[in-house]
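Residues per chain, in single letters:
Protein chains: 2
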Amino acid sequence: MVIQRNQMKTEVKEKMRGGDGSVAFTHLVDCENEKNIRMLAELTLQPGSSVGYHNHESETEYYLILSGSGTVNDDGELKPVKAGDVVITGNGASHGITNTGAAPLVMHAIIVTY
Amino acid sequence: MVIQRNQMKTEVKEKMRGGDGSVAFTHLVDCENEKNIRMLAELTLQPGSSVGYHNHESETEYYLILSGSGTVNDDGELKPVKAGDVVITGNGASHGITNTGAAPLVMHAIIVTY
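Just so you know, the protein sequences line up as chains A and B, in that order. First residue of the first sequence? That's 1435 in our numbering, and the numbers climb one at a time after it. First residue of the second sequence? That's 1435 in our numbering, and the numbers climb one at a time after it.
Just so you know, these hints were derived from the structure itself, not from any lab. Note that the Cβ used here is the ideal one computed from N, Cα and C, for glycine as well. Certain hints may be false.
Unchecked claim - Once the Cα atoms are required to be at most 35 Å apart in a straight line, the calculated DSBU-like pairs of lysine-lysine come out as:
{"no.": "1", "chain 1": "B", "residue 1": "LYS1516", "chain 2": "B", "residue 2": "LYS1447"}
{"no.": "2", "chain 1": "A", "residue 1": "LYS1469", "chain 2": "B", "residue 2": "LYS1516"}
{"no.": "3", "chain 1": "A", "residue 1": "LYS1469", "chain 2": "B", "residue 2": "LYS1469"}
{"no.": "4", "chain 1": "B", "residue 1": "LYS1513", "chain 2": "A", "residue 2": "LYS1469"}
Stated by the list, open to error - Which chain A residues stay away from chain B? Per the calculated CB distances, all over 12 Å, these:
{"no.": "5", "residue": "ARG1451"}
{"no.": "6", "residue": "GLY1452"}
{"no.": "7", "residue": "PRO1481"}
{"no.": "8", "residue": "GLY1486"}
{"no.": "9", "residue": "TYR1487"}
{"no.": "10", "residue": "ASN1489"}
{"no.": "11", "residue": "THR1534"}
{"no.": "12", "residue": "ALA1536"}
{"no.": "13", "residue": "PRO1538"}
Claimed, not checked - In silico contact screen, one side only, chain A against chain B (beta carbon under 10 Å); selected entries:
{"no.": "14", "residue": "VAL1436"}
{"no.": "15", "residue": "GLU1476"}
{"no.": "16", "residue": "GLY1518"}
{"no.": "17", "residue": "VAL1520"}
{"no.": "18", "residue": "ASN1525"}
Start from the sequences and build out the full structure, keeping to the hints where you can.
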């Protein structure tokens, strides 16, 4: 099945997961009919915006950074990230991400369940 | 866990899955230690290059087109794709993709198992 970009829905989430500012959230795949995956999305964080620190139990989230740069709270440790980097968070670990750059931070976010 | 781009391995696959030309294949995540996911990669197809037609049984592959354009064989039906589009292939369906444009076609490819 091919899903064209203009068929996808984008919503703006304010203070996502308790973060700051706003995040444009595009649903790449409606995961209701998919197996072992509950989210496949493209997120755009404006400068200064963030996804708040949160936990992943019985699932793993992958952030694939497409453009921009920021800081990840990687289960309690702050680390810089930039385009091309990947963040893996699962098995009860937590993460959050802040756009600390001057350009939008764009990433794919994928949650695989188990 | 953060994986920096310069820690990732890229290999060039010739005639991938029986396709034409070459595909640069970057392993974004080493999936050996992950659950319900066996591939998370970035693929770059040069103009004219392709991933040959192949089947996905007991798993679903998602192509997230990042840039460029091409033609997907979507379980027997040829369809155009371009940056921003998504291709979903699972439950025994088949697919292949050819870069029919003048620029490289770059995509994320994710295989979720079940």
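We went through each hint and held it up to the structure:
1. B:LYS1516 - B:LYS1447: Distance ~22 Å between LYS1516 (chain B) and LYS1447 (chain B) Cα, so the pair holds.
2. A:LYS1469 - B:LYS1516: Measuring from Cα to Cα gives roughly 25 Å; hence the hint holds.
3. A:LYS1469 - B:LYS1469: 13 Å, holds
4. B:LYS1513 - A:LYS1469: 24 Å, holds
5. ARG1451: 18 Å, holds
6. GLY1452: Holds: least Cβ distance 21 Å, greater than 12 Å.
7. PRO1481: At about 20 Å from chain B, PRO1481 (chain A) clears the 12 Å cut-off, so the statement holds.
8. GLY1486: About 18 Å separates GLY1486 (chain A) from the closest Cβ of chain B, which puts it past 12 Å; holds.
9. TYR1487: 15 Å, holds
10. ASN1489: 15 Å, holds
11. THR1534: Correct as stated: the minimum Cβ-Cβ distance to chain B is 14 Å, above 12 Å.
12. ALA1536: The claim holds: ALA1536 (chain A) sits with its nearest Cβ about 20 Å from chain B, beyond 12 Å.
13. PRO1538: About 15 Å separates PRO1538 (chain A) from the closest Cβ of chain B, which puts it past 12 Å; holds.
14. VAL1436: Result: holds, 5 Å to nearest chain B Cβ.
15. GLU1476: Cβ of GLU1476 (chain A) sits 8 Å from chain B, so the hint holds.
16. GLY1518: 3 Å, holds
17. VAL1520: 5 Å, holds
18. ASN1525: 9 Å, holds
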